[in-house]
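In order, the protein sequences belong to chains A and B.
The C-terminal position of the first sequence is numbered 313 in this note's numbering, with every residue numbered one higher than the one before it.
The C-terminal position of the second sequence is numbered 622 in this note's numbering, with every residue numbered one higher than the one before it.
Keep in mind the hints are simulated off the structure, nothing from the lab.
Some hints could be false.
[Said to hold, decoys possible] Per label pair, the in silico range of CB-to-CB distance:
no., chain 1, residue 1, chain 2, residue 2, range
1, B, Gly478, A, Leu302, 40 to 48 Å
2, B, Arg444, A, Lys70, 17 to 25 Å
3, B, Arg416, A, Leu85, 20 to 28 Å
4, A, Ile151, B, Pro463, 43 to 51 Å
5, A, Glu277, B, Gly478, 48 to 56 Å
6, B, Glu514, A, Leu123, 36 to 44 Å
7, A, Phe77, B, Trp384, 35 to 43 Å
8, B, Leu377, A, Leu163, 15 to 23 Å
[What the hints assert, rightly or not] Straight-line Cα separation of at most 20 Å, EDC-like style, residue types lysine to aspartate or glutamate; simulated pairs:
no., chain 1, residue 1, chain 2, residue 2
9, B, Lys475, A, Glu277
10, A, Lys165, B, Asp614
11, A, Lys70, A, Glu277
12, B, Lys338, A, Glu29
Since the structure is predicted, the reported quantities are computational estimates derived from the model, not experimental observations.
Backbone N, C-alpha and C define an ideal beta-carbon position, used for all residues, glycine too.
Okay, here's what each chain looks like letter by letter:
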Amino acid sequence: MSTNTAQTTAGTARKATKSANRSSAGRSELKTALVFIAPALLGFLVFYLYPTLRGFYFSLTQYNLLGSPKFIGIDNFVKLGKDPLFWNALGVTIEYVLLNIGFQTVIALLLAVLMQRLTQSTLLRGALLLPWLISNVIAAMLWFWLLDYQIGLVNQAMEWMGLGKIAFFADEFWAIPTIAFVNVWRHMGYTALLIYAGMQTIPKYVYEAASIDGSSEWNSFWRMTLPLLRPVLAMILVITVTGSFQVFDTVAVTTRGGPVNVTRVIQYYIVQKAFGEGQFGYASAISVVLFVILAVMAAAQLRLLRAGESDLA
Amino acid sequence: MSTIETQAAEDAVRKQRRRNFSPGKIAAWAVMIAFLIVSLFPFYWMLRTALSTTRSLPSDPTSLLPVDFTWGAFQRVLGLGTQEQAIAEGGSGASVNFFLYLRNSVFYAGAVTLGQVFFCSMAAYAFARLRWPGRNVVFGLFLGALLVPPIFTGLPNFILIKNLGLLNTLPGMILPSFLMTPFAIFFLRQFFLGINREVEESAAIDGAGPWRTFFRIILPMSTAPITTLAILTFIGTWNDYFWPFLVGNTEQAKVLTVALGVFRSQTPAGSPDWAGLMAATLLTALPVLILFFAFARRIIDSIGYSGSK
Chain A
1 MSTNTAQTTA GTARKATKSA NRSSAGRSEL KTALVFIAPA LLGFLVFYLY
51 PTLRGFYFSL TQYNLLGSPK FIGIDNFVKL GKDPLFWNAL GVTIEYVLLN
101 IGFQTVIALL LAVLMQRLTQ STLLRGALLL PWLISNVIAA MLWFWLLDYQ
151 IGLVNQAMEW MGLGKIAFFA DEFWAIPTIA FVNVWRHMGY TALLIYAGMQ
201 TIPKYVYEAA SIDGSSEWNS FWRMTLPLLR PVLAMILVIT VTGSFQVFDT
251 VAVTTRGGPV NVTRVIQYYI VQKAFGEGQF GYASAISVVL FVILAVMAAA
301 QLRLLRAGES DLA
Chain B
314 MSTIETQAAE DAVRKQRRRN FSPGKIAAWA VMIAFLIVSL FPFYWMLRTA
364 LSTTRSLPSD PTSLLPVDFT WGAFQRVLGL GTQEQAIAEG GSGASVNFFL
414 YLRNSVFYAG AVTLGQVFFC SMAAYAFARL RWPGRNVVFG LFLGALLVPP
464 IFTGLPNFIL IKNLGLLNTL PGMILPSFLM TPFAIFFLRQ FFLGINREVE
514 ESAAIDGAGP WRTFFRIILP MSTAPITTLA ILTFIGTWND YFWPFLVGNT
564 EQAKVLTVAL GVFRSQTPAG SPDWAGLMAA TLLTALPVLI LFFAFARRII
614 DSIGYSGSK
């Protein structure tokens, strides 16, 4: 008791000297802080803020990279509304996102629950994480080979099972599901680990109580684990959906938008317009639309899933 | 008081678990093992193909062992074999500047990692410890940059790099992420906030200024998170494709990921040089895989951290 008081007094004394110090050193801390953040601030202003503002400006111009941008108001956006390839790109991207996120989230949840229940082994978690460590380009190449029509292992196995071959990347129906699959393969372990980490924040007593009450694993999952995970899942969904909308690498090294236009996803279309066809202003307008879609989706997801609140509190 | 009850509860749970060790658990393990195979087997197939002869691959496409074993594919990629040998084994015979791309990748990923980690820890210190007006506003702005998709800043940044005359150079590739990324600052600030202030205060009483505190106390006390961040940044940058693809598309400036994308189209119209392609992907992935095996636990633990907090 008395030691406590002594400590408090000492604490107050220290605080007093500190605040005295602070008022005299207040100005110099600003100076020091400016030096400390100068490089990062420069990087932020030049490579984040400036290009963001410039991106909006370019979207209102006609610009072919050679001359200087010519202001044309909202013409690009009007043109966009009537561009069937843009709407196609949007549709294809949404199809991709739905397949990618749908399968990825369900599989990752399953893997996370299995990890939680079966083993805490780091080795196992590491093995599941391995695909995430290699680049999109390598994952795409690897599956391009495994899914090759002629001598790819998967088609060989399917033929052996009597299912017949599928030209995965070259088939109009299968191309987008195939690209979605490659990215599910690369991300499922990573997403599972994110969910698994979220599960560790659920106190053990919740499960124990349920177990004593005789609740089955299946029930515990739907009644407790999933609702309690909601804030974590909301954050993970925002991150994965945002990333998924920007699919580019896999398309660029495998199908390059084809066959016909079925894999011309939105980011691929932007790059093609900007660098392939020199319509930089128009490409910027599409990226403004992408930006707005992502911002609205993130806000909607966080609100729908009430990410800020936890049922535990 | 509650120890006994907890003990009883734990026993009950354990009993329940033991009773569950039956069809359910076996099925669960079966599913888990299936996913492990799906995750790992493609890596084996990469190696198996890289050690095969491309020309012989069609003769036995399902063999679990390399078909017509050879180191030829690796020699092709590394530019060690002769052109005749390469063509005989099913390669294109075109030369691949593997070591040039490797050097570019090492510089790109290395420089971005060094710069980003150092400058972001400085900024994170200013956000976590120094008191200055506007601190929270600036931090909020920095975090806001997380919301902007890379393609959106990518186009104007391309123009900027072009106007600076740095197109197709390593500095042009490195510059935009050399000074900061919002994630790195956020990540480090969290750790700096958790460092006990008492140590710094006693250092301040001994007359240490902010620089000495930063270099002598903050940095040494944060080697674990800084190493983790450095590893994650290096792997991420090494795997980067989109930005290097935009600004580093000449032979001299290509990094490995960009070069790989082209490697596929280099092969003549027929069937690609699969063995060569797999050898190249394997070599490209190797540094990351080595880093992972060296720091696996740290990387795995960091994912929980960055994801849930």
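Verification of the hints:
Checking the proposed 40 to 48 Å range against Gly478 (chain B) and Leu302 (chain A) shows it holds: the Cβ atoms sit about 42 Å from each other. Our hint of 17 to 25 Å for Arg444 (chain B) and Lys70 (chain A) is violated, since their Cβ atoms are close to 48 Å apart. In this structure the hint that Arg416 (chain B) and Leu85 (chain A) lie 20 to 28 Å apart at CB is violated, the actual value being about 39 Å. Restraint check, Ile151 (chain A) to Pro463 (chain B): a C-beta distance of roughly 36 Å breaks the suggested window 43 to 51 Å.
Take Glu277 (chain A) and Gly478 (chain B): their Cβ atoms lie about 24 Å apart, and the range 48 to 56 Å is violated. Distance hint check: the CB atoms of Glu514 (chain B) and Leu123 (chain A) are about 43 Å apart, consistent with the given range 36 to 44 Å. Remark: the range hint 35 to 43 Å for Phe77 (chain A) to Trp384 (chain B) is contradicted by a beta-carbon distance near 56 Å. Separation of Leu377 (chain B) from Leu163 (chain A) is about 21 Å and conforms to the stated range, judged on CB atoms against 15 to 23 Å.
Between Lys475 (chain B) and Glu277 (chain A) the alpha-carbon distance is near 17 Å, which keeps this suggested pair within the 20 Å criterion. Between Lys165 (chain A) and Asp614 (chain B) the alpha-carbon distance is near 41 Å, which puts this suggested pair outside the 20 Å criterion. Taken as a hint, the Lys70 (chain A) and Glu277 (chain A) pair is honoured in the structure, with Cα atoms around 17 Å apart against an allowance of 20 Å. With a C-alpha separation of about 60 Å, the suggested pairing of Lys338 (chain B) with Glu29 (chain A) is violated against the 20 Å cut-off.
In summary, the numbered hints that this structure violates are 2, 3, 4, 5, 7, 10, 12.
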